[in-house]
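Take a look at the letters that make up each chain.
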Amino acid sequence: MSQPAPILEQLGHQWQWSAYVLSACFDAANNLAFALGDGSLYLLPAGSQQAPGRIEVHEGVSLSMAAAPGEGFVSGGDDGRFVRIAVDGTLHDLATFPGRWVDHVASHPNGVVACSEGKRLHLYAEGRDEIVREFPSTVGGICFSPDGYRIAVAHYGGVTLCSARSADATPVPLTCPGSHLSVTWSPNARFVLSAMQEDCIHGWRLEDKDDLVMSGYATKVKSWSWFNGGRYLATSGSNCAPCWPFKGRKGPKGRTPETPGDSSSALVTAVAGDPAHPILGIGYDDGQVTVADIQSGQEVIIKPPGDGAITAMAWSPNGAWLAFGTDKGFAGLFPVSG
Amino acid sequence: MAKVPVTVLTGYLGAGKTTLLNRILSEDHGKRYAVIVNEFGELGIDNDLVVGADEEVFEMNNGCICCTVRGDLIRIISGLMKRIDRFDAVIIETTGLADPAPVAQTFFVDDDVRSKTELDAVVTVVDAKHLPARLDDSPEAAEQVAFADVVVLNKIDLVDDNERQALERRIRAINPYTRIIAANHCDIPLEQAIGLGAFDLERIISLEPEFLSEEHAHEHDEQVKSISLTATRPLLPERFEKWIAAVLRIDGVNILRCKGILDLLGQERRYVFQSVHMLANGTATQPWQSDEARHSRLVFIGRDLDADKLQAGFDACVVASPTSREQA
Numbered sequence: 001m002s003q004p005a006p007i008l009e010q011l012g013h014q015w016q017w018s019a020y021v022l023s024a025c026f027d028a029a030n031n032l033a034f035a036l037g038d039g040s041l042y043l044l045p046a047g048s049q050q051a052p053g054r055i056e057v058h059e060g061v062s063l064s065m066a067a068a069p070g071e072g073f074v075s076g077g078d079d080g081r082f083v084r085i086a087v088d089g090t091l092h093d094l095a096t097f098p099g100r101w102v103d104h105v106a107s108h109p110n111g112v113v114a115c116s117e118g119k120r121l122h123l124y125a126e127g128r129d130e131i132v133r134e135f136p137s138t139v140g141g142i143c144f145s146p147d148g149y150r151i152a153v154a155h156y157g158g159v160t161l162c163s164a165r166s167a168d169a170t171p172v173p174l175t176c177p178g179s180h181l182s183v184t185w186s187p188n189a190r191f192v193l194s195a196m197q198e199d200c201i202h203g204w205r206l207e208d209k210d211d212l213v214m215s216g217y218a219t220k221v222k223s224w225s226w227f228n229g230g231r232y233l234a235t236s237g238s239n240c241a242p243c244w245p246f247k248g249r250k251g252p253k254g255r256t257p258e259t260p261g262d263s264s265s266a267l268v269t270a271v272a273g274d275p276a277h278p279i280l281g282i283g284y285d286d287g288q289v290t291v292a293d294i295q296s297g298q299e300v301i302i303k304p305p306g307d308g309a310i311t312a313m314a315w316s317p318n319g320a321w322l323a324f325g326t327d328k329g330f331a332g333l334f335p336v337s338g
Numbered sequence: 001m002a003k004v005p006v007t008v009l010t011g012y013l014g015a016g017k018t019t020l021l022n023r024i025l026s027e028d029h030g031k032r033y034a035v036i037v038n039e040f041g042e043l044g045i046d047n048d049l050v051v052g053a054d055e056e057v058f059e060m061n062n063g064c065i066c067c068t069v070r071g072d073l074i075r076i077i078s079g080l081m082k083r084i085d086r087f088d089a090v091i092i093e094t095t096g097l098a099d100p101a102p103v104a105q106t107f108f109v110d111d112d113v114r115s116k117t118e119l120d121a122v123v124t125v126v127d128a129k130h131l132p133a134r135l136d137d138s139p140e141a142a143e144q145v146a147f148a149d150v151v152v153l154n155k156i157d158l159v160d161d162n163e164r165q166a167l168e169r170r171i172r173a174i175n176p177y178t179r180i181i182a183a184n185h186c187d188i189p190l191e192q193a194i195g196l197g198a199f200d201l202e203r204i205i206s207l208e209p210e211f212l213s214e215e216h217a218h219e220h221d222e223q224v225k226s227i228s229l230t231a232t233r234p235l236l237p238e239r240f241e242k243w244i245a246a247v248l249r250i251d252g253v254n255i256l257r258c259k260g261i262l263d264l265l266g267q268e269r270r271y272v273f274q275s276v277h278m279l280a281n282g283t284a285t286q287p288w289q290s291d292e293a294r295h296s297r298l299v300f301i302g303r304d305l306d307a308d309k310l311q312a313g314f315d316a317c318v319v320a321s322p323t324s325r326e327q328a
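Top line first, the protein sequences correspond to chains P and Z.
Residues in the first sequence are numbered consecutively from 1, following full-length UniProt numbering.
Residues in the second sequence are numbered consecutively from 1, following full-length UniProt numbering.
If you are wondering where the hints come from, they were derived from the structure by calculation, not from laboratory data.
C-beta atoms are modelled at their ideal positions from N, C-alpha and C, and glycine is treated no differently.
There may be inaccurate statements among the hints.
[To be verified] If you want the footprint, here are the derived chain P segments under chain Z, 3+ residues with CB under 8 Å:
#1 17-23
#2 60-73
#3 172-182
[Said to hold, decoys possible] Listed below are the simulated SDA-like cross-link pairs for lysine to any residue, each with C-alpha atoms no more than 20 Å apart in a straight line:
#4 Lys-242(Z) with Leu-279(Z)
#5 Lys-328(P) with Asp-112(Z)
#6 Lys-3(Z) with Ala-19(P)
#7 Lys-222(P) with Asp-112(Z)
[Said to hold, decoys possible] So these bits of chain P aren't anywhere near chain Z, every CB distance computed over 10 Å:
#8 Gln-10
#9 Gly-37
#10 Gln-49
#11 Asp-93
#12 Pro-146
#13 Lys-253
#14 Gly-254
#15 Glu-258
#16 Asp-286
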């Protein structure tokens, strides 16, 4: 008896490329980009019925990608370039740092974009001078505040909150010993969270700098996603996808996470949630992808194991599509609306 | 997928490290290397990728005071492993005064690094003329020798035979496992430094068993030295585990490295154990052959080691009578 084709093949799209899929990202207009380990980017304009078009962006790898303000994408590479990619595929160098790696990039809809190379953060906005800030150690991750006025910078020993508009404003340090590898700001602006080398998440409630620690992970948390209107933060790094509740003033303090996607054999490596609903895409190191409704507990396998570990995942802003990719160059796009 | 071997290059300024690095980069060896350096300087680069490192040594926030890692290496190696082009090896240059421990510990601590790469060898380049003085005046020099799987005894023409033999004895007193290669201008065959499988203890120990039993007469009372322990009867696994965990927890700061091949009671395969300070790992490897002596061998390299105490602790892990294996 033949197996029915996987649901991804029946309802979605899939592609096989030649390099590691490092990130998947939608811009605000629902255009989709995949960044690959050979320096290329595959771009699929919203509503396109064709296969994604290949654009040569970096000479090495794209180390970080984000949506550009408005439309398009920004990417940083180990060729030292910080590049803006328009939806039609044209490239514009925002900055170049010869001999350096552009490790992290971020943007805000208000038009400001940022990147880090080594210990330095660079901020660019139309009509303003570049702002450069140096930190005592290499920048682990960057993230704008929801209003775009500030930027959180993770580094060894904690996270620093800096003004995104002025080089003179005094930064706010949030300290915690250890190596901080990425940072995210809660959509309600009350919490800043960092993923640490020590397989945990450290958080600060900004109004009183009260600390929180979310631990119990099997590995480092490398993928996280705010979903359901910012009420939950889904995380990778365990054999399920812990979703921490951020409703209310206390956030997850003293509460246990929802734990969808429990697996006996595989580790969750990527997550992306529906911006408006309590529905989460979960990718595993064995290549499986599921979609889970964390309220009803219902879970559907949309891609069976195989094709490499899931390394990238994104949910479109309009809620219609879930995109993902693997370390063996497999990429998929699945319709999730309704 | 096979893990990419990593060679760590240490050695004092002026010992000849850059000469060796330049040879690795310029020679027509048909291999593709990623080289992580401190300074770009005058390195010739053709087919290889050279990345600048920041030598950022971080303490892990895990309550272990000697557990330091190189944060920049975690970042660089994770980045390199995402590239489409595969490397035959990664070579990491450390600065002259660097303690090799954080580099080695990075390969124990970080999951990403551990899953894609493995520490192949620590290669220490020393200046034959100046090594004795360095060993006397700086603890880092002894540490670099203690960590070395290979010591390149460079500028050998500058010393006579007696000096050379004394040097080799001194190196062996610190680190009985290391392979010593004499050289001028680091003119060693590269395959003796890169892609060795030197952390494959098995090979080292079986190749050079005499270093484990031989008593080395040496004229210097080294601060860093080694202690070899052997047992001809099997070890009780739980007891050994408990003992070694306690030893590393209490004295891990002073124990630079520990390596061993052990015959654990009830196990048909050899158990290979190694540690850097407090971080340890052990794995069962190939089965013991029926015609070979099942001897356990364990070596500690470190400072202020209490040989009698270690010996007594180790002896207490050995089964009481030779017949226990049959009873188990």
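Q: Find the hints from earlier in the document that the structure breaks and name them by number, from lowest to highest.
A: 9
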